[in-house]
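Chemist: Single-letter residue listing:
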Amino acid sequence: MQEHTPQLIYAVSVRATLDSLDFEESLSAINALFSILTDPSYDDVRKFRADHSLYPSGTVEFLNEEWYIAYRVADNGDVQISIMRRVSDLLPRLLAYWNGILSYADRCQMIVQRLERLAVLLDGEAVNLVFLLGAHAVNGAEVNSVPE
Amino acid sequence: MTIPSKDTLTTEQKLELLRTDELIADVREGFAEIERGEVSIMTMDDLKREMNQGRCKNTRHS
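From first to last, the protein sequence lines are chains G and Z. Once you know that position 117 of the first sequence is 117 in the numbering used here, the rest is easy, because the numbers rise by one and skip nothing. Residues are numbered in the numbering used here as their position in the second sequence, beginning at 1, plus a constant of 1000.
It is possible that some hints are incorrect.
Just a few of them, taken from the derived set where beta-carbon distance is under 7 Å, the chain Z residues facing chain G [stated by the list, open to error]:
id: 1; residue: F1031
id: 2; residue: E1033
id: 3; residue: I1034
id: 4; residue: V1039
id: 5; residue: M1042
id: 6; residue: T1043
id: 7; residue: M1051
If you're looking for bench data, these hints aren't it; they were derived computationally from the structure. Cβ atoms here follow ideal geometry from the backbone N, Cα and C, with glycine treated the same way.
Using the sequences and the hints, build the whole thing.
Modeler: Listed below in structure tokens is the structure:
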């Protein structure tokens, strides 16, 4: 009986992604797929077992600087590629987080809301002080000192 | 609370940030496509050829 050589089996939507790539993207995509096919087992470095209960059993997530790929290994050793996405396309959320925009803005918003609620309870100079503190926070205060 | 920079995030932490309901749904749909047989196939030889050519075009469709 001839031994089965593992191959990549990928969804039609992945095909569409691959077809849309330019030369450089194509090279990085092939490199990522090559690293998965040659060693699909999770390593907790680039490849992580998706323990999240919403993922189908056996799902492994690959992530490098350019690509997010979800896959699983079939009984015959074939690697089934479910989705393949450019990291830059995935979510502004991650990029925003990296830039510190989302977290910082959220925290500033939280401070302002808390101070506004506090200001309602105060009057006169206390109100001015509260908004002075708020402006200080929004303009770049130490995020580390923000009370949770 | 300290906000980590991109340099201090581990790959696993980045994955946590990337996961959304939409992404998980897409992962599930991709596997469903495969189970329905809506697939393309790429062998190791195909991959090596593509690495040389820098293209992913020459694959077999089922």
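Chemist: It remains to establish, for every hint, whether it holds in the given structure.
Modeler: Hints, one by one, checked against the model:
| no. | hint | result |
| --- | --- | --- |
| 1 | F1031 | 5 Å, holds |
| 2 | E1033 | 4 Å, holds |
| 3 | I1034 | 5 Å, holds |
| 4 | V1039 | 5 Å, holds |
| 5 | M1042 | 4 Å, holds |
| 6 | T1043 | 5 Å, holds |
| 7 | M1051 | 5 Å, holds |
When held up to the earlier numbered hints, the structure conflicts with none and fits them all.
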